[in-house]
Structure formats: C-alpha cells, structure tokens
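Since chain A is already given, all that's left is putting chain B on it; use the hints.
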Amino acid sequence: MMRYASRRLGALVFLAIGISIIDFAIIRLVPGDPARNILGTSDATPALIARLNSQLGLDRPVVTQYWIWAGDVLRGNFGYSYSQKQSVSSLLAQNIPPTLELILAGLALTVIFGLLIGVAAALRRGRATDTVLMAASVTFLSIPSFWLGLLLIELLAVRIHLFPVVGGGGLDGLALPAITLALGGVGLTARFVRSSVIEAAQLPHVVIARAKGVPQYLVLIRHVIRNSLLPVINIVALQFGSLLSGVVIIEEVFSRNGLGRLLVDSILAKDYPTVQAVVLLIAITYCVVTLVVDLAYRIIDPRTAAR
Amino acid sequence: MSVTVVVTQAAAPARRSRLAGVFRHKSLTVGVVLIAFVIAVVVIGPFFVSHNPDTVNPNAAFDAPSAAYPFGTDSFGRDMLARVLYGGRYTITAAVAIVVLGGVVGTVLGVIAGYFRGAIGFIIMRIIDVLLAFPGILLALTAAAILGPGLVNGILALALIAVPAYARVAEGATIEVRQLPYIDAAISGNINPFAIITRHVLPNIRDDLLVLTSSWVGLSALWIAALGFIGLGVQPPTPEWGTLLSGGQDYISVAWWITVFPGIFLALFVIGTNLIGDGLRDHFDKTL
Chain A
1 MMRYASRRLG ALVFLAIGIS IIDFAIIRLV PGDPARNILG TSDATPALIA
51 RLNSQLGLDR PVVTQYWIWA GDVLRGNFGY SYSQKQSVSS LLAQNIPPTL
101 ELILAGLALT VIFGLLIGVA AALRRGRATD TVLMAASVTF LSIPSFWLGL
151 LLIELLAVRI HLFPVVGGGG LDGLALPAIT LALGGVGLTA RFVRSSVIEA
201 AQLPHVVIAR AKGVPQYLVL IRHVIRNSLL PVINIVALQF GSLLSGVVII
251 EEVFSRNGLG RLLVDSILAK DYPTVQAVVL LIAITYCVVT LVVDLAYRII
301 DPRTAAR
Chain B
1 MSVTVVVTQA AAPARRSRLA GVFRHKSLTV GVVLIAFVIA VVVIGPFFVS
51 HNPDTVNPNA AFDAPSAAYP FGTDSFGRDM LARVLYGGRY TITAAVAIVV
101 LGGVVGTVLG VIAGYFRGAI GFIIMRIIDV LLAFPGILLA LTAAAILGPG
151 LVNGILALAL IAVPAYARVA EGATIEVRQL PYIDAAISGN INPFAIITRH
201 VLPNIRDDLL VLTSSWVGLS ALWIAALGFI GLGVQPPTPE WGTLLSGGQD
251 YISVAWWITV FPGIFLALFV IGTNLIGDGL RDHFDKTL
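Those sequence lines, one after another, are chains A and B. So in this note's numbering, the last one in the first sequence is 307, and the numbering has no gaps at all. So in this note's numbering, the last one in the second sequence is 288, and the numbering has no gaps at all.
Careful, some of the hints might be misleading.
Chain A is nowhere near these chain B residues, computed Cβ spacing over 12 Å in every case [what the hints assert, rightly or not]:
1) Val32
2) Phe37
3) Val43
4) Thr93
5) Val104
6) Leu151
7) Arg178
8) Pro181
9) Tyr182
10) Asn190
Simulated restraints on C-beta separations [claimed, not checked]:
11) A:Arg75 - B:Ser188: 50 to 58 Å
12) A:Ala70 - B:Arg117: 28 to 36 Å
13) B:Phe194 - A:Ile208: 49 to 57 Å
14) A:Glu199 - B:Leu210: 21 to 29 Å
Hints were generated in silico from the structure; no laboratory data involved. Even for Gly, the Cβ is constructed at its ideal location relative to N, Cα and C.
This is chain A alone, in the form it adopts within the complex:
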C-alpha cells in the first residue's frame, strides 16, 4: 500500500509538471507579443510593456521564463488581471467558494439519485419500471445541460416562481443550477449502479443467502448493495471531473459567479493570466481528487490491489 501510494504520488508530481508546461504555453502560443497580450490593447503603454517584460523575464530563454513563472505560481502569485483590475489570486479567492458549493451540491444529487434510480432499475430488471428508468437515464445524460437550464429557469422560476430567477445566496438559489449540473451524472451513475447491482446479485454468497431463506431485503442491504457500492466510488471520481467542467457552462446559464464564469469571461476578454490560473487550478484539483479516490478505494477494498 505504501509503495503503491508513493508511486502514485510520484506520478502525480510528473503529471503536475506536464499540466504546468501546457498551462505555461498558453500565453506563449497566442499570436503576438505576450506582454502586450497580458496588458490588453488599452493598457499597453510602452513603459508598462517594458516593465512587464523584465518582470516576466520575457527577454530571457523560455526555460528561465518557465522557472520564474512556476516559482511565482507555487508562491500563490498568479499575476495581475488587467481586465478586472485586481490580482488573479484575489479573483480566485472570490470565485472558488461559489463553485465549490455548486459542485458539492451537484455531487450529492448525483450520488443520491444515481443510487436510487440504479438500484430500483436493477430490482425491477427486465420489467417496465426498468425500461422507463433506463430510458430516462439515457435522456438525462444526452440532454444539453445549458438548454435544460434555460427551460428550467423559464418554467420553474419565471412562470411559477418556485425558485429565484437569478441565483441569489442560500439553498434556493443553489437548487436549479445544482439539479441542472447533476442530471447528466445521475443518468451515468444510475446505469453504472444498475449493472453493478445485477452483477453483485449473482455472486455465490448472495445465492446461498437467498437459498437458506434470508429475507429478501436483508440480502439486498447486507450483501448486494454493499458489494455493488465499491465500484460506485470510482464513478464518483469520474463524475467529479465532469462536474468540474460542467460548471463552466452552468454558471454561464445561471449568471452565477464562480470559476467557470470567470474562465469564460477571461477567455473572451483575452485576460490570459486569469485563464492560466483557472485552468491550472481545475486540472490539478481533478488529478488530486482522482488520486485520493484511488487510494481510498484500495484501503476500503484491498482486493483491488491483488488484481
């Protein structure tokens, strides 16, 4: 276990370096002069350009530039956002909490409803309930989330005032974006849980328990669901990734502040230091979460190590 963990941690370091190189390259790949790109056309006075050039070491070799940049980033200095007139790190500090809130709410909905629908479909396997639930799941994961978000706002917020139109604070404002964000994940998780439960129900010890007359619900809770929950942990990690990228669109639809909206606005405003910071943050978070889930999985179920 320790050897596996240290190997994975080592791999994470290399992955982080790879991610940072791609992220660093963003501003160098944009056509034109990097300093001028960072400043934007309106702020780009010759004096500022010269100052930024020496600050970023743009007159030095690319490798040196990377070291300067990476050192700054590790110290939490992501540069200055000229389009928002403040440091990128303070922009991040303002936008991380609302995004985290939305992702956690989406994750909770994904797990709860994914499990409920999946188990229900597996129990009614081959019957009408199963067909309906699985058809719903495919629809959930196929529907464009931004379209659904628009329809939900119009129907549930504008027409019948069930939710606030533009997400304010509190649970009310969180409900619609979280539902929209989670829907695709619910469909995917439900399908996964269904096949996982069906598989677990065919294991020998389940058949024996049933044969010796253990009540159906006890077999289900003690043996089937417990066994089928393990692979579900894996899909949660996967879901975390799609939620991380899903918020980009959802925040835009619901005019909610957060990292996703910050990213899109920064891309449109050609505010490259902010783009770099958000991209780096999301990619590194995703890798760390994947690693933590993989390690947790090994601790909960040591059999995976043997495979």
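Coordinates of chain B only, in the frame set by chain A:
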C-alpha cells in the same frame, strides 16, 4: 529439426448474420431510427423550406409558430425552421469532423504506443495522461483561448479532447491483440509492422473504436453547441444549434420557440448516438 506449423483455418466470420443480429438490440434500433430521422430532416428538409435562414424581416420579428413559420421567427424575423434545419448541418458536420480528426490522430498514436511499446510508447502515453488530466471541455476551452472562436477552431479544439480518449482505447486494445498467437507469428515472420497493423491489428480493435465513436459523435455535438452557446465556438449569424440557443436565451420569456426547437433536435441527435453506442456495446459485449 523440423518445425510443424499447424494452421487452423478459422471459420470465415458470418458477416450477414452478424449484421442482422445487430438489430435485435432494441436500443440500437431506436437509436438508428432517431439518427436517421434527424439526419434526413437536416439533409432533405432545407429543400422544402421556402424561407432563407438568413433573410431578415423586421416586420415578422418574434412571430409565434404558425402555418407560415412552423417554428416561429427569431428577434430578426428570420424563419426558425430554416435556421434549425441549416443549423443541424453545421452542428452534425462539425461533430463528425471532430470525431474523424481526433479519432484518426488518437488511434494512430494509441496503436503506435501499444504496438511498439518501449520508449516511444511510454512517451506517447505520458503525454496522453497529461491531456487526460484536463477534465471534459476544459482542454477545448484552453485551446479556444489560444486559437480564438470560430467553427474551424472549435472543431480543432474539440478534436484535441477526442485524441487522448481514442489513444487510450486504441493502446489498450492493441496491447491485447498483439499477444494473439497469429500476430506473434507474423512478427517473428519478419513481416513489415505497417502491414501487420493494417491487416491484423486494426480489424481486431475496430469494434472497440466503433463503440467509442458512436458516443463521441453525440458528445462532440453537445460540446460544439456548448462552445457556440458561450460564444467561443461558431459565431452568429451562422445558424449552428448552440448559437441559435444562445440567441434565444434572452428572449425565452417572450419567444420560447427560439430556444425550444434547436434544443429538441440537438437532444434527439445525442440520445440517438448514445442509444447506438449502448446497442453496439451490448452487441460486441465490450465494457468501456
């Protein structure tokens, strides 16, 4: 010492029965019907529509669905039916282009990595790992930040996401196939690797790639529309489905039809591709 080579004549795969069997899967049939419907409507439909999708008519702005305009009109008085039908051509063509581009590059990289392994394979797969570290649409947004918006740039950006997905699957399948005895025999027979790959490896990993492709066409359509929706993909006035949705979002309370119809077509298309993917996965008994 004499070497006896035993050649077992494998039964020729019964292709016809295999194809017939495909349609026994209900989800596949429904998926094919859906896709056939959407594509037929988008390809043939425009010939039967009297309005031009780009003709602006200020007197007819925000007209509700009627006999003259079955899907209503948008804020410029343009016929939404024509715009949805022409828009489908952009969205679906872009989705196919993304998958072809990303799929070919990814498959080539994956097959090379899986076949030759060693240093080349290691380097290719570590680069793929880094690309996979950017979840979902993030890599495309990064590329869009560099390339700028537009149809072609959107296709390139999204193909970049398909590359690592295809490379992963192709590499895994190639490693498995490479261990088959007859491919081993071909390698020891000193046959040129290119011939082995095209004649033996690719046909063997085709099923995996087919399953992957059916769901990626839908995913690509969703993503090109999402890029168009947030203003980083196809730019208005080009009637791509995502751009149409973006143009309708401010008027949804007064003119729901601008938003509803493009979304229905996009959803039907994506549901269709996912059902086909499910059916093929069942049929080939592949779990991806």
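Beyond 12 Å from each Cβ of chain A, as asserted for Tyr182 of chain B = Label holds. Min Cβ-Cβ 28 Å, cutoff 12 Å.
Is the distance from the Cβ of Glu199 of chain A to the Cβ of Leu210 of chain B consistent with 21 to 29 Å?
-> This hint holds: roughly 24 Å between Cβ atoms.
Decide, holds or violated, for the assertion that all CB atoms of chain A are farther than 12 Å from the CB of Val104 of chain B.
-> Nearest chain A Cβ is 22 Å from Val104 of chain B, so the label holds.
Holds or violated: 28 to 36 Å for the Cβ distance of Ala70 of chain A and Arg117 of chain B?
-> Given range 28 to 36 Å: holds, Cβ gap about 32 Å.
Non-interface claim for Thr93 of chain B versus chain A (Cβ beyond 12 Å) = holds (18 Å)
Are all C-beta atoms of chain A more than 12 Å from that of Phe37 of chain B?
-> Since the minimum Cβ distance to chain A is about 15 Å, Phe37 of chain B lies beyond 12 Å and the statement holds.
Distal placement of Pro181 of chain B relative to chain A, Cβ over 12 Å = Pro181 of chain B is indeed farther than 12 Å from all Cβ atoms of chain A, at 25 Å.
Are all C-beta atoms of chain A more than 12 Å from that of Asn190 of chain B?
-> holds (36 Å)
Within 49 to 57 Å or not, the Cβ separation of Phe194 of chain B and Ile208 of chain A?
-> holds (54 Å)
Regarding the assertion that Leu151 of chain B does not contact chain A, is the least Cβ-Cβ distance greater than 12 Å?
-> holds (17 Å)
Satisfaction of the hinted span 50 to 58 Å by the C-beta atoms belonging to Arg75 of chain A and Ser188 of chain B = holds (56 Å)
Compute the least Cβ-Cβ separation between Val32 of chain B and chain A, then decide whether it is above 12 Å.
-> Consistent with the label, Val32 of chain B stays out of reach of chain A, its closest Cβ about 14 Å off (over 12 Å).
Hint compliance for this structure: no hint is broken.
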